[in-house]
Amino acid sequence: MRSKGFTLIELLVTLGVLGIAFSIAALNLRPFSNPLQDAWVHTEGYLKLVRAKAMSTTSAYRVRQVGNRLLAEYAPRCTSTSFTEDTSLELELPPGVTLSTGNGQSVELCFSSRGYSDRNLVLVFRKEAQERRLEVLLGGGVRRL
1 MRSKGFTLIE
11 LLVTLGVLGI
21 AFSIAALNLR
31 PFSNPLQDAW
41 VHTEGYLKLV
51 RAKAMSTTSA
61 YRVRQVGNRL
71 LAEYAPRCTS
81 TSFTEDTSLE
91 LELPPGVTLS
101 TGNGQSVELC
111 FSSRGYSDRN
121 LVLVFRKEAQ
131 ERRLEVLLGG
141 GVRRL
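So the sequence shown is numbered by this note's numbering: it starts at 1 and just counts up by one.
Honestly, the hints are just simulated from the structure, not real lab data. Take the hints with a grain of salt, since some may be wrong.
The calculated label-pair distances, taken between Cβ atoms and stated as ranges, are [what the hints assert, rightly or not]:
1. Ser-100 to Ala-21: 41 to 51 Å
2. Gly-67 to Arg-119: 18 to 28 Å
3. Val-17 to Asn-120: 20 to 30 Å
4. Ala-26 to Arg-144: 25 to 35 Å
5. Gly-67 to Asn-103: 16 to 26 Å
6. Val-41 to Ala-21: 23 to 33 Å
7. Thr-57 to Gly-141: 50 to 60 Å
8. Ala-21 to Ser-88: 38 to 48 Å
9. Ala-25 to Gly-102: 42 to 52 Å
Heads up, the beta-carbon is just placed ideally off N, CA and C, and yes, glycines get one too.
Generate coordinates for the entire structure from the input sequences, incorporating the hints supplied.
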């Protein structure tokens, strides 16, 4: 004879499966993307990577902004007139994020073979009403402001 209803095991398994399904659904509904934060963090890492590449290859590396991208170029010295693009070092900023220096110009700086920057530069990231800043120090360090 079979009784009507659920056993305790069936109830616990059902609740477990529903809990997992609702957790996955809640994570997918939450917006993960923050383009301004992504651009800020990725540019910080990109500048540190370009500086490390300059020191490891004993070449000067220049970072230049072209539209919504940052390009790295190398030459023997920062004062060289001709630079060669390093296609392995390129960063594209997310759509809607603008990047400029503190005085509104496009970004251009150079890391020497010792990792020093040719100038102290503040990078300003903007998206709508939000703003984030990075500072490149003369010693080559990059810090969030």
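Verification of the hints:
{"no.": "1", "hint": "Ser-100 to Ala-21: 41 to 51 Å", "verdict": "holds (46 Å)"}
{"no.": "2", "hint": "Gly-67 to Arg-119: 18 to 28 Å", "verdict": "holds (22 Å)"}
{"no.": "3", "hint": "Val-17 to Asn-120: 20 to 30 Å", "verdict": "violated (57 Å)"}
{"no.": "4", "hint": "Ala-26 to Arg-144: 25 to 35 Å", "verdict": "holds (30 Å)"}
{"no.": "5", "hint": "Gly-67 to Asn-103: 16 to 26 Å", "verdict": "holds (19 Å)"}
{"no.": "6", "hint": "Val-41 to Ala-21: 23 to 33 Å", "verdict": "holds (32 Å)"}
{"no.": "7", "hint": "Thr-57 to Gly-141: 50 to 60 Å", "verdict": "violated (19 Å)"}
{"no.": "8", "hint": "Ala-21 to Ser-88: 38 to 48 Å", "verdict": "holds (42 Å)"}
{"no.": "9", "hint": "Ala-25 to Gly-102: 42 to 52 Å", "verdict": "holds (44 Å)"}
Taken one by one, the earlier hints fail for this structure at numbers 3, 7, listed in ascending order.
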